[in-house]
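A.B. asks: Letter by letter, the chains look like this.
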Amino acid sequence: MSIIELDGLQVRLGGRIVLDGLKGDLHGNAIGLLGPNGAGKSTLINTLLGFHTPSRGTARVFGLDTQRDRARIRQRVGYMPENDSFIGNMTGVRFVRYMAEISGLPAAEALERAHEALFYVGLGEVRYRKISTYSLGMKQLIKLAQALAHGPQLLILDEPTNGLDPMARQRMIHTLQEIRKEGSIRLLISSHLLPDIDETCDEVLILKDGRIAALSNIEEERRSHQNFIELETAGPADEFCDTLRALGCECASFAGGRIKLVMPGSMEPHNLYVMASQKGLQIRRIHRRRDSLEDIFMRAMELDPERSELVRL
Amino acid sequence: MSVYKREYRAYTGTLTPLWARVGVVSRYALGEAWSSRITVGLFTISMLPVIIYLTGIFLANNALARVLVLRGNPLLEINAAYFMKVLSTQCWLALVLTAWIAPRLVSFDLTDNALPILLSRPLSRFGYVFGKFIALFSCLSLVTWIPALLLFAYQGYSSSTPWLGSNLRIASGLFLGSLLWITFLAILGLALSSWVKWRAVATGVIFAAVLVPAGVGGIVTAILRTRWGFLLNLPVMMTQLWQSFLGAPQSMPERLRLPSAAIVIALAAVCLICVAMLNARIRAREVVRG
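Listed in order, the protein sequences are those of chains A and B. Okay, so the first sequence: first residue is 681 according to this note's numbering, each after it adds one. Okay, so the second sequence: first residue is 303 according to this note's numbering, each after it adds one.
With a cut-off of at most 30 Å between alpha-carbon atoms, the simulated DSSO-like pairs for lysine-lysine come out as follows:
1. K819/A / K499/B
2. K959/A / K940/A
3. K861/A / K703/A
4. K810/A / K499/B
5. K819/A / K861/A
Here are some of the chain B residues that sit facing chain A, going by a computed Cβ distance under 10 Å:
6. A312
7. T314
8. T316
9. E334
10. S337
11. F410
12. D414
13. A416
14. L417
15. S422
16. R585
17. A586
From the derived model, a few chain B residues whose C-beta atoms are all more than 12 Å from chain A:
18. L344
19. L350
20. N364
21. L378
22. E379
23. W465
24. T485
25. V507
26. V518
27. A578
28. A582
Think of the hints as simulated: they come from the structure by calculation, not from any bench. Every residue, glycine too, gets a C-beta built ideally from N, C-alpha and C.
Using the sequences plus the hints, can you model the full thing?
C.D. replies: Structural data, given as structure tokens:
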């Protein structure tokens with residue numbers, strides 16, 4: 681069953697089209713929502729939560745319409761927003777309990793689960809401190825705890841590692857991996873950081889300028905691109921790429937003579953040296969590896985070369 | 303499951319009905335309001351006039367006290383005018399409480415941008431505002447119509463003559479007058495608090511919203527020699543309304559009195575503006591323009 685179904689979804693905000701004609705079904709256990717800043721990731725999340733009304737088309741979560749069945753969707757969803765969002769005057773446990781009660785848990789259950797959620801995300805020791813005294817990392821974790829406390833079936837996380845130091849980021853990623861592994865909860869993670877999605881998700885929806893640039897299963901993509909090679913070259917890289925394409929390679933060239941290519945099964949790496957010498961191109965470094973999310977993303981962005989320049993990892 | 307077992311566990315128990323979520327918002331809002339010692343202090347101060355009025359009723363109805371304390375002075379008569387004093391005292395104290403409590407109910411949520419999280423739950427914007435409204439309305443009820451009606455009941459109980467039956471208009475006036483005022487105050491307080499980030503400033507703005515237009519209205523009335531300037535003067539409008547509800551003598555000369563319908567329309571218009579302000583502000587996201 682699809683977790684999220686988009687059917688020609690268009691969303692206008694302030695007269696501007698922010699999402700345009702999104703179409704697709706998302707099935708994965710952990711779905712990554714990827715795209716450069718301003719691509720429409722947060723708008724899509726807000727639409728799924730029923731905050732924005734589609735100007736055309738529909739969006740469904742667990743088969744429920746985001747407008748008609750808003751309350752039922754929100755009952756089954758936990759949401760962790762991108763920016764700071766909490767009540768600083770409350771203690772951690774009171775805040776999480778409050779959120780769980782609003783989600784429909786009876787008071788006693790809500791309190792029990794608030795404690796559990798706070799221990800689960802690693803805030804057990806500071807749960808009686810006011811949230812305003814928490815560090816940035818703790819504030820991210822309390823947002824995660826409140827999203828988990830009522831036992832949602834889908835957890836929507838908007839830039840969960842925003843502003844975290846490397847240690848805190850790793851902890852957050854690890855927690856998300858655990859949740860994914862546990863299996864009873866689906867994840868929709870929005871980020872503009874590819875490694876976050878790479879480490880946590882099995883399906884990715886890439887947005888660009890409010891449109892779907894790619895929707896793919898990361899694992900399948902990886903399996904289908906075994907012969908992935910990165911080259912660092914000096915010389916006529918574009919000409920070399922054209923030659924490779926003519927031989928059936930998928931090839932993309934980047935600034936500084938960087939070339940990424942996927943060879944067909946019939947081709948061997950030494951063929952590259954032969955062709956490079958014919959074209960007067962120096963191959964200074966060759967690196968053979970499996971396709972990564974970065975490449976899926978780059979390919980998705982390739983339609984607009986200017987954009988691909990902006991996405992630096 | 304013990305809390306030390308850090309594993310995720312889905313919730314499979316029963317859920318409270320949707321309408322009960324408004325009650326949760328109210329309960330937490332009340333908790334927030336009463337967590338401040340200043341709220342407790344203001345509430346205590348608001349009860350002092352009630353004790354004084356209670357003493358007055360006791361003295362007026364106790365023959366021995368009338369002789370010993372009042373020495374037969376007939377000035378202390380328990381009637382509509384007396385309850386008008388009760389009502390106006392308590393209602394203005396309610397304004398002070400509103401100015402303190404309303405910002406506490408809303409600004410904490412807005413300062414830390416809690417609305418996206420709150421409204422991503424099965425709780426509508428109306429439900430959220432209504433929950434806060436109920437909390438504020440309850441607090442204000444404790445210092446307005448509840449003590450006023452208790453005083454009325456006490457007067458009915460302690461009067462030697464059959465007083466209660468012939469003065470039921472006072473009771474309904476106390477209830478209706480308080481209800482109108484605290485509903486107005488609650489909406490005004492929440493609307494203004496939702497637009498001002500700092501609580502201290504919000505408190506000042508609530509007072510200013512009542513008192514500044516009153517001054518402007520007074521100037522308009524004096525310069526233009528028209529009674530319609532009083533439509534900006536909330537104290538004058540409410541006093542006139544309360545007096546007519548209670549059947550107490552009107553303090554305003556006939557030529558300056560506003561039609562009750564005009565007062566009600568003016569109050570309703572302010573309430574509508576406040577609702578529009580709340581509608582614009584209580585959102586999970588900022589509205590993107592242009």
